[in-house]
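If you read the sequences in order, they're chains E and H.
Going by the working numbering, the letters in the first sequence line up with residues 1 to 163, in that order.
Going by the working numbering, the letters in the second sequence line up with residues 164 to 923, in that order.
No wet-lab data here; the hints were simulated from the structure.
Idealized CB from N, CA, C, for every residue including glycine.
If the Cβ cut is set under 8 Å, some of the chain H residues that face chain E in the computed set are:
#1 A699
#2 N703
#3 V708
#4 G710
#5 G714
#6 S718
#7 V744
#8 Q752
Computed far set for chain E versus chain H, every beta-carbon distance over 12 Å:
#9 A44
#10 R74
#11 R152
Listed here are the chains, written in short residue letters.
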Amino acid sequence: MSSREIRVLLIDDEEELIEYLSKRLLKEGFTVRAVTSGKVALEAVDEEDFDVAVVDLKMPGMDGIEVQERIKQRRPFLQTVVLTGHGSFQAALDSGKQDAFRFLNKPVDHEELVNTLREAAAEKSRESLARFREETIEITSSGGTPRDIVQRVEALRKKYGIG
Amino acid sequence: MPDRLITQPPSPRGRSINTAIVGGGTGCESVLKMVKDDTLGRFRLRVQGVADVDPQAPGLRYAREIGIPTVTTDYRDLYEIPDLHLIIELTGKYEVRDEIERTRPRHIRLIDHFGARLLWELHQAEEAGISQRTEMRERVEAERVRIVQIFNSIPDEILVLNSDMVATDANRAFLTNNDMIIDDVRGRHCYEIDQRIRGECQVAVGNCPFFAVIKEGQHISLVRKHFDADGRALYAVIVGAPLQDADGNVLGMIEMTRDITKRILLEEDLRVTEVQLKQFMVQAPLATYVKNHAGQYIDVNPATCEMFQKKASDILGKTDYEIFDREAAEKMRGGDREAWQERFAVNEDVELRLGARRVFLSTVKFPIVDHDGKPKALCGLSTDITAQKEAEIELNKTREYLQKILNNSPVIIVTTDLEGNIVSFNRGAEESLGYTADEAIGKPAALFYRDPTKRDEFLRLVKSGKAVKDYSYELLRKDGTLLPVSITLSQLKDAEGNMIGTVGMSKDISQRKALLGQMLQSERMAAVGRVASGVAHEINNPLAVIGEIAGFLGSLVEEGIGESELRAEFSKGLPKILNQVNRVRDITQRLLTFARKTEARVDVADVNGSLDEILPFLQKEARLAQATIHRDYQEDLPRVSVEEMQLQEVFINLITNALHAVAKNNGGNVWLITRSEGGKVVVTIKDDGPGIDDAVRDRLFEPFVSTKAVGQGTGLGLSICYGIVKRYDGEIRVYSEPGQGTSFKVILPACIQPNKPPDA
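Assemble the whole structure, with the sequences as input and the hints as a guide.
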């Protein structure tokens, strides 16, 4: 999967940071949307399909752990990468409980971030493809009409973003 | 003719018979010898000649020796002997006999060898009779002498009376005691003699009890009291016995008198003593009793009854076995036996049960001896010493208890006299200071003070009535090192409350100090860590912004945007900004790392000790989990090169996990097992909780894996344990099956080079 096809959601209350981070990622070819609060981030997740969400832990209002939790409820395959200036082990542990893909410290080495995003996206498509296959098998073995099956598989394709 | 034959006096029934013997054999010799020795008794033979053809025949030879004429040619020559009455033929030959018969003159009679033989036998029989009679006579005489000796040797006075009560004899004792000679006695009536000895006989003749002896052959004995010249009472036993002949006819009486005055007086004395003794026993406050050889009580006083809580009738005739418990009875019997054997007083302490009460008796036992010195009974005097004994036991207990405290206390406990010289030095002191008690006792306590004058200062304080309490100080060990202690010093007083010295207790606070240091260190670290963490966070965000902007600008420059002069400056400056960002980032990362952990340090840890040190912190957790922690340590376990605090962090995690697992089962067991196996130290932490399923087990050491509910985690996961153990070249393994409990094995290299750092 090329960077161009990777959709990244940046969530951080530090506006200047996400502004420049977005610019750099865009230049790398990622599709990027940046938001400054958990609330907006969830709206974005509802509206669009992202591959990776980069989440800051310490944010006013909804914190990073909760954002992760809610994202996972909506989009189980969306991978989250925690990016924090607070090197707390407890935070890392809590993120881990929300099935974070990786835990990165600010300021992050740009190359490391880019690689992480690619790996996370690959994980997402692997997980969703696996799930898609499982469900496809379920559908094809459920005994519906061929047209019904085709329709349902198409819906599934859309759901898991498989072209 | 020999003289001897001539001098024989003529005997009535005969004169001597003039005889000649024909045949000079051994028979002849015997006859001649008897004639010569005059042992023929009534026979009066005069042998006037002997004939034999053999001149060497023994009879012939003997005849020649003693001067009797002999004939060896013709025996008929013997017929010529004048007045020969008799020829004795001893040849044993019939033809000789017959020839003599034919040829002898008629006045000469013949006794042939048959007749001679018969006479010989008769003579022998007579001989035997004579010697027997002689022997009998001698024996009777000896017997008579002996009886007289006995009669005279009897110490009792004996008077022999005939049937008319007239004295016929008296023994030596009678005569000597009564100063008489036999003629004063013999032929006199008994009352006459009596009168002379004892004054008028008190008994009318007809009523004399001794008539019964004479008349009816009875034995009679009576005691007679009379008074001597000085008016002192004298007592005698008089025994009368009949004197009978072989047919049982009474011939008289033997009267035997024995003076028993001494015995009577002694008995009276004894009676008095006995009464006094009885009174003593009854009134004595001591339990006093008498036992016989069989151990039966034969006399007990009221105090005994009171002590034994029994009636006299329940004690008398019984042994200790019937009265007391077996153990007590055995011991009392032992005391009895000793007293019997030793024949002097023995002491005995016995513990016994009387009703519901335990009683201690202290008893003195001694044998009562008869006049021969033979023990005939055993007397015992018992006192109840229960109260005393109990107090003693209590005192001993207290003393032992105190001694144990003194000995087992790890605290240094030292007592001194008033001069400050050591009197006692407990084990805690020995172990802490390195001196043995023997070395320390007698030395001044100031020896152990870093500054000996300090001890004097303390002593002055204590003497003035003040105490030194929990004073932090340092004592000098034998090896010269200093031991930080907390000293408490106070007066040592005797029973009257006078000060006799000091008692000092010093607690080793080196551990406490070290621990305090560690705590301070870790608290300080934690505080620094918190600050560092906050600072880092505050710096990291703006730093991230700077980094991103610089990065973005850098990428713009790379794409060729901007004036050429500016571009050159940007190309130079922007990477520098990025470098500085990275530099600051490294610093903040290090700060954060530092905040999480204190600096990694290697020391040599004792695994068993480390486990034991953390157990107190887990007690509460264990109680909540209703878990029992079992320790199974190998002694002499090698040490490991691991920072002790990190090692303990691992153990705390694993034990806490085990306790949580056990809590899920509402209780159970946790085992801590340490072993040395092939150069490794293996610590197993095992529980009998619900176990872990395969899926979780395989990922157990990955970060963020937990089987615990949210909020229950300690915040220190197994991954940390894994990290720590790995850092020290160790391994951590898990064995678990659902329902089978879980065990974690921490395997660490045993310490060989204690100072080798881990993979730093």
